[in-house]
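Q: Going down the list, the protein sequences come from chains A and B. Numbering-wise, my numbering puts 40 at position 40 of the first sequence, and it's gapless, one number per residue. Numbering-wise, my numbering puts 373 at position 373 of the second sequence, and it's gapless, one number per residue.
Please note that a few of the clues may not be correct.
Unchecked claim - Straight-line Cα separation of at most 30 Å, DSS-like style, residue types lysine-lysine; simulated pairs:
| hint | chain 1 | residue 1 | chain 2 | residue 2 |
| --- | --- | --- | --- | --- |
| 1 | A | Lys16 | B | Lys59 |
| 2 | A | Lys6 | B | Lys201 |
| 3 | B | Lys442 | A | Lys150 |
| 4 | B | Lys442 | B | Lys476 |
| 5 | A | Lys141 | B | Lys207 |
| 6 | B | Lys215 | B | Lys201 |
| 7 | B | Lys442 | A | Lys144 |
| 8 | B | Lys215 | A | Lys16 |
| 9 | B | Lys342 | A | Lys144 |
| 10 | B | Lys201 | A | Lys69 |
| 11 | A | Lys150 | B | Lys38 |
| 12 | B | Lys442 | B | Lys481 |
| 13 | B | Lys487 | A | Lys141 |
| 14 | B | Lys487 | A | Lys13 |
| 15 | B | Lys341 | A | Lys141 |
| 16 | B | Lys481 | A | Lys105 |
| 17 | B | Lys59 | B | Lys487 |
| 18 | B | Lys201 | B | Lys97 |
| 19 | B | Lys54 | A | Lys141 |
Since the hints were made in silico from the structure, they are not lab data.
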Amino acid sequence: MEKDDKQRIMLEKVLKEHNYQESALLEILHRAQEIYGYLDKDLMMDISGSLNLPPSHVYGVVTFYSFFKLRKSGEHVVTGCLGTACYVRGVEQIMEAIEQEFKLKRGGSTADGKLSLLLTRCIGACAMAPNIVVDDEVIGKATKEVVTQKIREVLGGVKAET
Amino acid sequence: MEKECKVARTGCIGTCSVGPAVLVEPGDYLYQSVTPDKVREIVRDHIVLGLPVKDMLYKNEAYFQKQHRLVLRNAGKIDPSRIQDYISAGGYSALAKCLATMTPQGVIYEVVTSGLRGRGGAGFPTGQKWSLVARSHNTPKYIVANLDEGDPGVFANRTLAEADPHAIIEGMLIAAYAIGAEKGYIYIRSEYPLAIQTLQKAIAQAKAMSLLGEKILETSFKFDLELRFGAGAFVAGEETAILASVEGRRAMPRPRPPYPANSGLWQKPTLIQNVETLANIPLIVQNGGHWFSKTGTPKCTGTKCFSLTGKISNPGLIEVPMGITLREVVFDIGGGVPDGKKFKAVLVGGPSGGCLPETLLEIPIDYDSLTKVGAIMGSGGIVVIDEDSCMVDTARFFTEFCVDESCGKCTPCRAGLARLKEVFDKITHGQGEMSDIATLEKSGVYIRDASLCGLGQTAPNPVITTLRYFKDEYVKHIVEKQCVAGKCFKTRDEEELE
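Let's have the full structure, built from the sequences with the hints guiding it.
A: Spelled out as structure tokens, the structure:
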């Protein structure tokens with residue numbers, strides 16, 4: 001409960017910073033997602049009330065932009081860059097290797113909620129293609145071996161042997 | 001022995017394939033693939049003894065020789081986090097010149113004379129756009145700088161923002177003075193955290209020095225600047241969609257007219273300009289439009305930044321004069337295809353660009369020549385494709401991208417692209433028929449001609465150009481069920497369809 005209050009206070013600060021302007025909806029959603037991790041129904045209702053916007057408008061915006069998440073993602077997040085340069089340089093094979101080894105599908109998480117595998121259209125590091133982002137670290141000129149090893153490391157190395 | 005040596009962080013030099021890179025001045029010594037151990041050697045031999053470490057120097061001189069760096073003039077040279085660096089490189093003197101000696105009309109005149117065209121892709125004459133907004137009596141007026149570099153495979157705007165943020169801000173200030181705007185937004189995609197940080201810092205520094213805000217350089221000119229973040233929508237780069245997004249709505253394009261120059265943000269006159277276009281402005285003001293028009297070709301002046309990627313020996317960010325040939329870019333600067341593989345095609349203009357074969361490499365790079373062969377300038381993406389890639393699969397990949405990114409507002413784009421993708425799925429799973437080729441051709445033309453915005457109008461380009469230049473691969477897939485690159489006819493997707 002305490003934690004919730006603290007998050008709400010942070011959100012209020014953000015709203016105030018933006019003067020409760022409707023036009024700052026995207027910035028507010030960005031910050032709200034930073035604070036809460038994802039945007040659930042209650043949070044969207046809260047924001048719609050604060051900005052005096054219909055809930056449908058807020059939900060419409062959230063679902064239009066792929067950056068906003070409606071569900072909590074895993075403790076660790078791996079993002080594959082599916083930009084043109086990465087595709088041409090074989091990111092697909094790395095994604096398949098991750099899916100196989102860690103038993104999850106792109107867009108989803110492992111059953112234990114430890115790992116999510118997401119896709120992005122381009123992180124703009126094309127000269128280093130293929131790129132995979134493990135948590136916040138960009139791995140350029142990625143190979144299956146390097147990436148799966150890195151993921152095992154962030155997961156704590158437990159899963160590696162099975 | 002005492003020697004003073006300043007160690008500075010800079011933006012990207014553009015030689016991404018041999019990073020990390022270290023530049024030692026004076027003398028422009030560029031060291032490649034530097035490691036902590038190698039740094040010790042550089043300091044000992046080069047800095048202390050004055051003997052450059054030859055075998056660690058960047059050897060590919062051709063990479064820089066054919067380039068002409070105007071927009072990227074400061075990239076790799078100044079510390080982007082210090083406004084003082086930008087100022088001592090001549091920064092903000094163009095703004096000072098405008099405010100002290102030029103009328104708004106005079107500024108527009110120079111931009112018209114320069115022949116500069118929008119670098120976001122469409123190539124609309126910049127000076128003409130400025131006159132349109134300037135002429136409107138409706139106030140307030142706005143400026144939106146487009147840094148929503150959504151094209152996968154492109155990173156020129158990101159590099160510019162990270163290496164020389166003040167060039168963008170100065171360009172915006174000059175534009176604001178010329179058209180009479182008092183408020184501007186830089187719309188930047190959220191996938192670029194470092195660029196956001198760099199710009200935030202630059203804006204704060206400019207404000208602290210009274211280069212933004214009220215009474216700029218002690219004149220009556222005022223201009224305020226805010227950042228707006230994208231959230232992962234390719235279509236937001238379209239000029240009416242970006243307006244919707246800045247206003248906090250879904251980034252959906254609307255029909256034009258009215259054009260943003262008359263009715264843009266909150267129905268007020270708005271100038272929308274790509275950040276690369278804006279970074280050219282201080283140079284034009286400083287040196288005159290006539291000086292600028294001498295670079296490039298008569299109809300297409302200046303330079304263009306290109307992100308050179310894919311199967312190429314020297315990937316990176318380059319800036320070349322307009323009119324250079326594709327062959328010079330791919331082979332002389334880019335060093336051709338690595339690992340002894342054969343060049344197959346070059347994709348020019350991002351996911352809705354065209355795939356061009358080797359026979360077309362002699363064409364000059366300018367808006368009109370590229371459009372003639374079915375490609376576009378777009379935001380300057382050049383992706384080289386070698387014999388390991390299948391052209392049918394490549395066209396399928398881009399179509400899938402555009403299906404994902406279509407906003408869904410108009411039917412040709414929403415339904416038409418989905419139809420194209422169905423046909424591609426059929427062909428790449430071995431169920432293609434010869435009539436599918438005609439379906440692709442016909443639908444592609446319909447989508448191109450009937451869609452509302454640039455996304456739909458250019459989305460079929462990869463399909464149309466691969467059909468034009470690589471039809472034999474389609475036929476092989478359909479008749480012989482063969483993929484020359486061994487990419488197609490997998491069964492995984494079929495399972496997923498269930």
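Q: Could you run down the list of hints and mark each one as holding or not?
A: Hint check results:
1. For the hint pairing Lys16 (chain A) with Lys59 (chain B), the CA-to-CA distance comes to about 54 Å; that exceeds 30 Å, so the pair is violated.
2. Between Lys6 (chain A) and Lys201 (chain B) the alpha-carbon distance is near 28 Å, which keeps this suggested pair within the 30 Å criterion.
3. Taking the CA atoms of Lys442 (chain B) and Lys150 (chain A), the gap is about 47 Å. The hint is violated against a cut of 30 Å.
4. Using a Cα cut-off of 30 Å, the hinted pair Lys442 (chain B) and Lys476 (chain B) holds, with the two alpha carbons roughly 20 Å apart.
5. Under the criterion of a C-alpha separation no larger than 30 Å, the hint pairing Lys141 (chain A) with Lys207 (chain B) is inconsistent with the structure, at around 39 Å.
6. Between Lys215 (chain B) and Lys201 (chain B), the direct Cα distance comes to roughly 21 Å. Compliance with the 30 Å bound is thereby established for this hinted pair.
7. Under the criterion of a C-alpha separation no larger than 30 Å, the hint pairing Lys442 (chain B) with Lys144 (chain A) is inconsistent with the structure, at around 40 Å.
8. In summary, the hint linking Lys215 (chain B) to Lys16 (chain A) is supported, as the alpha carbons are separated by about 27 Å, within the 30 Å threshold.
9. For the hint linking Lys342 (chain B) to Lys144 (chain A), the alpha-carbon distance of about 25 Å falls within 30 Å, and the restraint holds.
10. A C-alpha spacing of about 28 Å is found between Lys201 (chain B) and Lys69 (chain A), which places the hinted pair at or below 30 Å, so the restraint holds.
11. As the CA atoms of Lys150 (chain A) and Lys38 (chain B) are separated by approximately 26 Å, the hinted pair is consistent with the 30 Å bound.
12. Taking the CA atoms of Lys442 (chain B) and Lys481 (chain B), the gap is about 23 Å. The hint holds against a cut of 30 Å.
13. Between the alpha carbons of Lys487 (chain B) and Lys141 (chain A) the distance comes to roughly 21 Å, so the proposed pair stays at or under 30 Å and holds.
14. About 52 Å separates the Cα atoms of Lys487 (chain B) and Lys13 (chain A), which puts this hinted pair outside 30 Å; it is violated.
15. Annotation: proposed proximity of Lys341 (chain B) to Lys141 (chain A) holds, straight-line Cα distance about 19 Å (limit 30 Å).
16. Using a Cα cut-off of 30 Å, the hinted pair Lys481 (chain B) and Lys105 (chain A) holds, with the two alpha carbons roughly 29 Å apart.
17. Restraint check for Lys59 (chain B) and Lys487 (chain B): not satisfied, since their Cα atoms lie roughly 36 Å apart, outside the 30 Å limit.
18. Restraint check: the Cα-Cα separation between Lys201 (chain B) and Lys97 (chain B) comes to about 25 Å, which is no more than 30 Å; the hinted pair holds.
19. The hinted pair formed by Lys54 (chain B) and Lys141 (chain A) meets the criterion: a straight-line CA distance of about 26 Å does not exceed 30 Å.
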